[in-house]
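Asker: One-letter residues, chain by chain:
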Amino acid sequence: MGALQSLPDEPEYRDLSEKTGFSFEQIGILHKRFKQLSHNEDTLRRDDLNTIPDLSCNPIRTQIIEAFFDKRNFHQNGEGTVQEISFEEFLVVMSHFRPPALDMTEEQREIIRREKLRFLFNMHDTDNDGTITLEEYRHVVEELLSRSGALGKETAKGIADAAMLEVASISMGHMEPDEFYEGITFEHFLKILKDIEIETRMNIRFLNMDTTNLCNRTQSVRVNGCLSGELSSSTGSPQGSVFSSLLYTLYTDGCRSQYEN
Amino acid sequence: MPAFSCAFPGCRRDLLVIVLVVFVGIGLPIEASAPAYQSHGTEGSHLTNITNTKKAFPVLAVNYEHVRKPFEIALWILLALLMKLGFHLIPRLSAVVPESCLLIVVGLLVGGLIKVIGEEPPVLDSQLFFLCLLPPIILDAGYFLPIRPFTENVGTILVFAVIGTLWNAFFMGGLLYALCQIESVGLSGVDLLACLLFGSIVSAVDPVAVLAVFEEIHINELVHILVFGESLLNDAVTVVLYNLFEEFSKVGTVTVLDVFLGVVCFFVVSLGGVLVGAIYGFLAAFTSRFTSHTRVIEPLFVFLYSYMAYLSSEMFHLSGIMALIACGVVMRPYVEANISHKSYTTIKYFLKMWSSVSETLIFIFLGVSTVAGPHAWNWTFVITTVILCLVSRVLGVIGLTFIINKFRIVKLTKKDQFIVAYGGLRGAIAFSLGYLLSNSHQMRNLFLTAIITVIFFTVFVQGMTIRPLVELLAVKKKKESKPSINEEIHTEFLDHLLTGVEGVCGHYGHYHWKEKLNRFNKTYVKRWLIAGENFKEPELIAFYRKMELKQAIMMVESGQLPSVLPSTISMQNIQPRAIPRVSKKREEEIRRILRANLQNNKQKMRSRSYSRHTLFDADEEDDVSEVRLRKTKMEMERRVSVMERRMSHYLTVPANRESPRPGVRRVRFESDNQVFSADSFPTVHFEQPSPPSTPDAVSLEEEVPKRPSLKADIEGPRGNASDNHQGELDYQRLARCLSDPGPNKDKEDDDPFMSC
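Residue numbers (the UniProt record's numbering), protein chains in the order written: chain A, 1 to 261; chain B, 1 to 756.
No lab work stands behind these hints: they were computed from the structure.
The beta-carbon is built from N, C-alpha and C at its ideal position, and this holds for glycine as well.
Check each hint, because a few of them may be wrong.
[Said to hold, decoys possible] With a straight-line cut-off of 25 Å between C-alpha atoms, the simulated DMTMM-like cross-links for lysine to aspartate or glutamate are:
1. K514(B) <-> E152(B)
2. K546(B) <-> E142(A)
3. K476(B) <-> E142(A)
4. K414(B) <-> D495(B)
5. K35(A) <-> D103(A)
6. K71(A) <-> E216(B)
7. K479(B) <-> E187(A)
[What the hints assert, rightly or not] Take a look, some chain B residues computed to stay more than 10 Å from chain A by CB distance:
8. P91
9. L109
10. I163
11. L166
12. E216
13. D258
14. R332
15. M353
16. S356
17. Y435
18. K479
19. T499
20. R519
[Claimed, not checked] Estimated spans, in silico, between C-beta atoms of each pair:
21. E25(A) <-> V394(B): 40 to 48 Å
22. Q83(A) <-> R519(B): 29 to 37 Å
23. R519(B) <-> E84(A): 30 to 38 Å
24. E106(A) <-> P468(B): 48 to 56 Å
25. R45(A) <-> L517(B): 29 to 37 Å
26. Y349(B) <-> E187(A): 46 to 54 Å
27. S257(A) <-> F170(B): 36 to 44 Å
All chains should be built: construct the whole structure from the sequences, respecting the hints.
Answerer: Below you can see the structure in the form of structure tokens.
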């Protein structure tokens, strides 16, 4: 089976590239990953993401997975959650983690900052009422501390309460004892996190070069029209790669000196 | 300093004049009379010989020789510090000229004075410099190194440090050799190796100078850590190059094998230094695990282990600076989890103090050495050196940034590059290395002169102009922000989020490895190096508690709740409205028990003579916890008045306090919430700022019963206190004493309430 990727579909990728800002190579690599996660189907489900081994020890795993299925992150002004997502939606969610380009104006940076903070806000605001209530914030802190140990819900509550108080104090300034602070709105959220420089921190590196040829390779055999199951091969190099010829030459170099012909 | 804020405008100037006079007055006689005292000493003994028969016993005799060395050392340090003091009395001067420049000028003056007298001014002895003056500065830098920006940029820093320094050294050495080949310069005796040696000495960015200048301009974190990190990590390169060329210039020829060995040597020096430092760091952390009973010597362990790391690595010709940095970085998280708060403060202040003194002394001695040292001036050579320094630095930074930006997520802008290039200051390390050159080098004096000129140029010109340039270019400054719990939560949240998304993407990036390291640290390392049960404490909680502690201490010092958050927002603004009710019977029970406990406690209080000033005489952890309780009490008092209005039909107590105690601001901040965490419940254990008088005592007692109902309210939706079991639980938590939630779990106070 040829391990080289077939050329990406040009028009489709062009649309996606314009929409999300990724380059063609990056889209290609992410597409391969998508297919791998969804077992070559067209849509991705929650269970597919649940089975990723790297995520298993992440304390906020559920929230991360939910974020992928949250319609608010698809930039289509939708609400609610879906059960499965297509590649386009996957890519749109991923695009929140793209680093800003070097030559951006202050306004563009501001837009990107708002976008990223909106993503974070959506992750906290699970009931989609536009505010992060005390309960939701407590839940966030509890999840964060859940893997880290045995200190219990009380400390998490204390921290969440303190944080909420801080937000309220910074945003509202003065409130009568009878007034009630409903929750953190998006504007308050922006204010409280404006020093964190999120546009430089909430980024991951997207690969420009496809290195997955050398790892995560699978093989299957077709006999009489039946395709076997996939076997992941972790040794050997793919047919036709430069590496193979180099290895061959190195390996057989010793023979040359032994035999005249 | 209150003493200096006099009413008269001329007061400050007078004070400065006095300082200068004292300095000159003492400095002159010391140097001048050293030989005089010697002769006087012999004279004195001669006199005593003669007068032995006449006088019985010399009542007053002077023996300067006895104390000469320590006396002079102490005097130099004192003078240096008086000078430093003097500068800050002239506000306009210290705003324009960086301190390092002023100190060098002072050194020049002192050197000049000494020379005028006819004495030989002391030169900055390299032994003294490398073994005594440099380590405190580096340890201070390494211990307080901001880890997060450092590790995020470590690749860039290494590229600048290693490749940048190599480029500088070879570029300068090569071009200077080409210059020396020109007949008209008159330096044809200088061979390539000597030039390369000179290049390697003068190419390294100096941490002392960088620290001294950058500290005053408050530039943004990224650029600061880039320049600073580079200055620290290029020590390995400098050491290797220096030793290499020193060896070679004796031998005269270089083979390919030597070059290869040089490269290997570089790796050995740098990684060896880091390894030595890490070993000592782990030793220090492990030792600190057992110091819970001997708190006073804790800081000493930190200092001694670090110094040993430095000396050990210097012994093997490894990079001492990298060893010190590694030791500080490795040691810090574990040691800080183990030591008491006072030890932490001690360490911090001692390090700052020593590094400040060292820095001052270094710059003053630089000035003195300039006057003292033998000079050989050659216009072309020196001027070319200075120009080449600048040029090679700029080219190096631009070239390297071009390559680095391909691999960075957050690219370096032109402004960043400019500051990095302009901030490459040379300093005392270059001078000491030059001074170390043996006298067999015929160009030693010339090199020394050139080095001093470069240092002066960078420190004076670049140091003075960098501040206006930063303003002019509107480079981002450091954000003066106090620690915010929201930012801390979200920083941690982001870490996990990015690790997760990297996992979804399928490739192992930066966050993945960081997460793996953290997990390894938590499961294996912390278990061994942190005392007690603290190793399980997550960072977020540790941060939160630290903030609490700071605020509690602030409150003690100011005597009232600090106005960190000037607002009247409190928990009741945030909690949902539902106020669950306490059954009357339960209320009565709680009231009774609390009253009994309060009486117990009052007796305990009276036995301690409490006053605001002796608060910290007792164990600090207790006091801080009391402070916290005092805060809680004040808040509760405030709430009483509010709750009274709302819940008056539940309780039947007189409304005696509508307003809080005078002097207590109606301020609430987040740490009050600490009241409700599981392991840190306050006792109902109150003290008063004045000795309790009867009316107060009575009112206090009357206030007490209201609290349980407030407790019920504050527990919020979860605290359904009408549930009996829950009430019991609440109460028991209430009864547990609050102790310092830091490392001293064993300091949990014996609790008179536990019996209830």
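Asker: Each hint needs a verdict: does it hold in this structure or not?
Answerer: Structure-based check of all given hints:
1. For a cut-off of 25 Å, the pair hint linking K514(B) to E152(B) stands: about 10 Å separates their Cα positions.
2. Simply put, K546(B) and E142(A) have alpha-carbon atoms about 19 Å apart, close enough for the 25 Å limit, and the pair holds.
3. A C-alpha spacing of about 36 Å is found between K476(B) and E142(A), which places the hinted pair above 25 Å, so the restraint is violated.
4. In summary, the hint linking K414(B) to D495(B) is not supported, as the alpha carbons are separated by about 29 Å, beyond the 25 Å threshold.
5. Between the alpha carbons of K35(A) and D103(A) the distance comes to roughly 34 Å, so the proposed pair goes past 25 Å and is violated.
6. Our distance criterion of 25 Å between C-alpha atoms is broken by K71(A) and E216(B), whose separation comes to about 49 Å.
7. Under the criterion of a C-alpha separation no larger than 25 Å, the hint pairing K479(B) with E187(A) is consistent with the structure, at around 21 Å.
8. At roughly 30 Å from the closest C-beta of chain A, the C-beta of P91(B) stays outside 10 Å, upholding its exclusion from the interface.
9. Distance check for L109(B) against chain A: the nearest CB is about 44 Å away, which clears 10 Å, and the non-interface claim stands.
10. The non-interface label for I163(B) is consistent with chain A: the shortest C-beta to C-beta separation is roughly 22 Å, beyond 10 Å.
11. For L166(B), the requirement that its beta carbon stay farther than 10 Å from each beta carbon of chain A is met, with the minimum near 27 Å.
12. Against chain A, the non-interface label of E216(B) holds: every CB pair exceeds 10 Å, the least being about 22 Å.
13. Distance to chain A confirms D258(B) as a non-interface residue, since its nearest Cβ pair spans about 30 Å, more than 10 Å.
14. With 10 Å as the threshold on Cβ separation, the claim that R332(B) sits away from chain A holds: the shortest Cβ distance comes to roughly 20 Å.
15. For M353(B), the condition that its CB be more than 10 Å from all CB atoms of chain A holds, with the nearest at approximately 31 Å.
16. Every beta carbon of chain A lies more than 10 Å from that of S356(B), the smallest distance being close to 29 Å; the non-interface claim holds.
17. A cut-off of 10 Å between C-beta atoms confirms that Y435(B) is not in contact with chain A; the least separation is 43 Å.
18. Look at K479(B): its CB is around 5 Å from the nearest CB on chain A, not clear of 10 Å, so calling it non-interface is violated.
19. Interface exclusion of T499(B) from chain A breaks down, the closest Cβ pair being 6 Å apart, not more than 10 Å.
20. Non-interface call for R519(B) relative to chain A: violated, since the shortest CB-CB distance, roughly 7 Å, does not exceed 10 Å.
21. Between E25(A) and V394(B) the C-beta distance comes to about 34 Å, which lies outside the given range of 40 to 48 Å.
22. Distance hint check for Q83(A) and R519(B): the Cβ-Cβ separation is about 32 Å, which falls inside the suggested range of 29 to 37 Å.
23. For R519(B) and E84(A), the Cβ-Cβ distance of about 32 Å falls inside the hinted range of 30 to 38 Å, so the restraint holds.
24. In this structure, E106(A) and P468(B) break the distance hint of 48 to 56 Å, their C-beta atoms being roughly 24 Å apart.
25. As the Cβ distance of R45(A) to L517(B) is approximately 32 Å, the hint placing it in 29 to 37 Å holds.
26. Between Y349(B) and E187(A) the Cβ separation comes to about 42 Å, which falls outside the hinted range of 46 to 54 Å.
27. Roughly 40 Å separates the CB atoms of S257(A) and F170(B), a value that falls within the hinted 36 to 44 Å.
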